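Participant: For reference, the chains in residue letters:
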Amino acid sequence: MRLRPIGFSSGALAKSDYRRGIELQQSNEDITAIELSALREPELKPLLSAISQLTLDHFQYVSFHAPSRFAEFDETELVSLLNSIPGSWPIIVHPDLIRDPELWAILGGRLCLENMDMRKRIGRTVGEMQLIFWQMPEAGFCLDLGHARQIDPTMSIAIEMIRIFGGRLRQLHVSEVGTFGEHRSRIGFLAQEAFRKVARYLPSDVPLILESLVAEHEIDAELGVVRDLFAA
Amino acid sequence: MQEPFSNTELLSRRLGTEWPHIAEARRRTASLRAKLDALAPLTTEDAATILFGSIGREEVTESSDVDWTILIDGPSDPSHLQLVAKTADRLKDLGFKPPGSTDTFAVLVDSHELIHHIAGTHDTNQNLTRRILLLFESVAVTQPLVRERVVRNILDRYVTNDVVVPRPEPLNEVIPHFLLNDVVRYWRTMASDYAAKMWERETKGWSLRNAKLRFSRKLIFVAGLLACFSFELDPPPDADDIRADRQNLPPRLASHALDHLSHPPLEAVAKTLLTLGQDSTARRLFSAYDRFLHVLGDPEQRNELDDLAMADALNSEVWREVRDASHDFRAAVEALFLKNDSRLKDLTLRFGVF
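Residue numbers (our numbering), protein chains in the order written: chain C, 597 to 828; chain Y, 5 to 358.
Treat the hints loosely; a few may be bogus.
Derived lysine-lysine pairs resembling DSSO-like cross-links, with alpha carbons at most 30 Å apart [to be verified]:
1. Y:Lys216 with Y:Lys201
2. C:Lys716 with Y:Lys39
3. C:Lys716 with Y:Lys90
4. Y:Lys216 with Y:Lys349
5. Y:Lys201 with Y:Lys101
6. Y:Lys343 with Y:Lys216
Worth flagging that the hints you see were computed from the coordinates, not collected in a lab.
Model, not experiment: these values are computed from the prediction.
Using the sequences plus the hints, can you model the full thing?
Facilitator: Next up, the structure:
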């Protein structure tokens, strides 16, 4: 049986230090996926310029998380920078970042839009995501389970999102998100039970990207929990 | 872009008739909602300002008051009480009358009781009322997703706790029995509470309360039953797959019910009547309701109802009009559920009576 790719966001393991985030994972045989994170705008250019020198052969699946805000670049520059990312990597983008959808069309199916948490004003529900995909029909989908659970602990929104946007689904974000939108260190019991409800609806090959803010010694334990939750 | 027609408008066009007082009440509701945007600055995380009653049903008339609560779904914070006080002040500044004196409205409501105390010894009339009204006649003017989260949690309680006996697969009928029982319980509770208030208040305000029982409270019951039967009356395209997959059933049934609950009660009834094609019943039901809203919307008639002594009722033209209209409404409801040969009649007899 083929195991679904699984790994951490580099930023979850080492905030603003992608090299450390990669290093902590590439020696781990159980980790087969990684998301390179440039969640903060100043992290973007250094990470982009380092991509060609990074050794990522260890990973079956690599994705890239775009900044969640931009001020230094304008939107055209940002899209142009993201367009330099290797073509096979999905580019995870928060939909509230997008002001002019036409500019982003150049990324085609590499653009992968993530559902949002309560703090945002768009992208939180099925209806809000439908509006966004209507504007960007080629875009893929990153289902953030922690965000979906914050909006709806029963997980019926997450299940509905998989049912409706399943054809676009590229990857999952998995972590426990707190009341105020913060990612927590470990996935607690209730979040595990909620995520378990969703597992049966997922295609068996969709990669899992963990965003739990774990310390180095907790990596294997957290991986084990998530792998068990989503075991086919 | 022009707004799509509502179900009520579609029904009215199909029947070639108009219900001017229902239409006027919708316009007034929209205008009132716009006024209530003044509450938007009172937004905070995990707390929603919920409006019930005529606003939730889109039946606002000139004399409508505003029934509201602050619904908390998150960590407790002593300053939530300030939110209640500020909301009350803001509504007073906007010229709204305070809600009635039952402590059901204009207070903080914690989602915990609504979600965890469904039936059982901790449930109360007040909790049941808040829960059912939250489901069937409420809107959030701040933080609508907080309201939706609580509603989804309540529906989850109703549908995931509904496995009371082993049943064969696939299910012949998908009915949320637990919710259905609470909808029936709510209606009977309202009727019993009417009698209790008559006793406590020495019949003061009886006729307006009675008129609301005959129309708006009964309408919630009707809309509640239709919501419980909605999976059977208006099944989703993959209904057979859902019936066959017991694990998948609760979230899909909850989502289906939620779609149904997104319509105000009259709209939900209009949707069913459009689907079932019962035109004479539709005409009778909506015309009766229109007459009711006409009385409520006319200050003179409403005042007469408000002050009417029981002994004078049979000499009051206003009261006779309300009573006659209510008999028409009742007859139409009976025809909808029981007299026409339809799936709804089968479901009502099987699940709604015994």
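Participant: Now tell me, hint by hint, if it's right for this structure.
Facilitator: So, going through the hints one by one against the coordinates:
1. Only pairs whose Cα atoms come within 30 Å are accepted, and Y:Lys216 paired with Y:Lys201 is accepted, the gap being roughly 14 Å.
2. Annotation: proposed proximity of C:Lys716 to Y:Lys39 holds, straight-line Cα distance about 25 Å (limit 30 Å).
3. Using a Cα cut-off of 30 Å, the hinted pair C:Lys716 and Y:Lys90 holds, with the two alpha carbons roughly 25 Å apart.
4. This hinted pair checks out: Y:Lys216 and Y:Lys349 have alpha carbons roughly 26 Å apart, not beyond 30 Å.
5. At most 30 Å may separate the alpha-carbon atoms for a hinted pair to count; Y:Lys201 and Y:Lys101 meet this at roughly 21 Å.
6. Note on Y:Lys343 and Y:Lys216: the hinted pairing holds, with a Cα-Cα distance of about 25 Å set against a maximum of 30 Å.
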